[in-house]
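Chemist: Sequences and hints are given; from them, build the entire structure.
Residue numbers (numbering that gives the first Met the number 0): 0 to 202.
Hints are computed from structural coordinates only; laboratory data are not their basis. The C-beta atom is built at its ideal place from N, Cα and C for all residues, glycine as well.
Below, simulated PhoX-like cross-link-like pairs (lysine-lysine); rule was C-alpha separation at most 25 Å, straight line:
#, residue 1, residue 2
1, 153, 43
2, 69, 81
3, 96, 158
Restraint ranges, calculated between C-beta atoms of paired labels, are given here:
#, residue 1, residue 2, range
4, 76, 162, 34 to 40 Å
5, 114, 81, 22 to 28 Å
6, 76, 101, 28 to 34 Å
7, 71, 47, 34 to 40 Å
8, 157, 25, 36 to 42 Å
9, 23, 137, 30 to 36 Å
10, 162, 56, 16 to 22 Å
11, 184, 88, 30 to 36 Å
12, 80, 113, 24 to 30 Å
13, 114, 146, 29 to 35 Å
14, 113, 195, 24 to 30 Å
15, 151, 95, 21 to 27 Å
16, 87, 44, 28 to 34 Å
17, 149, 194, 32 to 38 Å
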Amino acid sequence: MQKVQLTEANTKTEETVKLTEAETKTDVYSVWGLPSEEVSNRVKKLMNGLRSEFGGPQFEPHVTVVGAIKVSEEEARDKFRKGCGEVKKVYSGTVEKVDVGTFFYQCVYLLLHPTTEVVEASARCCSSFGYNSSSPYMPHMSLLYADLTDEEKKKAQEKACILDESIGNMSFQITRLALYKADTEDKSLKSWEKIEEYNLSPN
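Modeler: Now the structure itself:
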C-alpha cells in the first residue's frame, strides 16, 4: 500500500514539474518585417531560382527586425505586441545592393540602406525585447541560406542580378511584423513557425 502511495505522489510531482516546464519553456524567437504580397512573390521567384542551382531551405522573404532571442512564448508574444505598438506604421526599405556574407544565414542577401525609419523600427522592437545586439544593425533581406564557397557565393550573387535585373535598387514597404519561432541551430528550418502577425497601419 505504501508503495502505491509513493507512486501516486511521484506522479503528482511529475505533473507539477511538467506544468512548470510548459510555463517556463524557452525557445528562440525573432521578429521579422514582411513586405507586401506583390514584393514577396517577386522575391520568392528569385529565391526559387537560386535554390534550384545552389540548394538551401525555403523561407519567407523578410527583413530581420529583432535577431534571435531566447524567451518563453508568453513573454515573446507580450514583448512582440509591445514592439508593434511602438512601430505602428508601415515603413519603407530600399535595396542598396545584392551582397554576400560569411555564414549560412547571410549567404546571399539584399543589403538595405540603413535609413532612419528602418533603423528606428528595429531599435523600438529591440527595446521592447530588451535585446542588445553585439554588432550594429545591418538591415537586409536574405535570398539564400546555404554554406557555399566564396566562388559559389559570387556565382549566386551574379545569378540573382541576372534573374531580376532591377532587384539591386528595389524599393518596397514593410506592411506587417511577424513573430517567428526560429531556432538558428535548425538549418533545415523545419521547426520554424510563425507565432503571430501584426498589420502595420498605412501612413
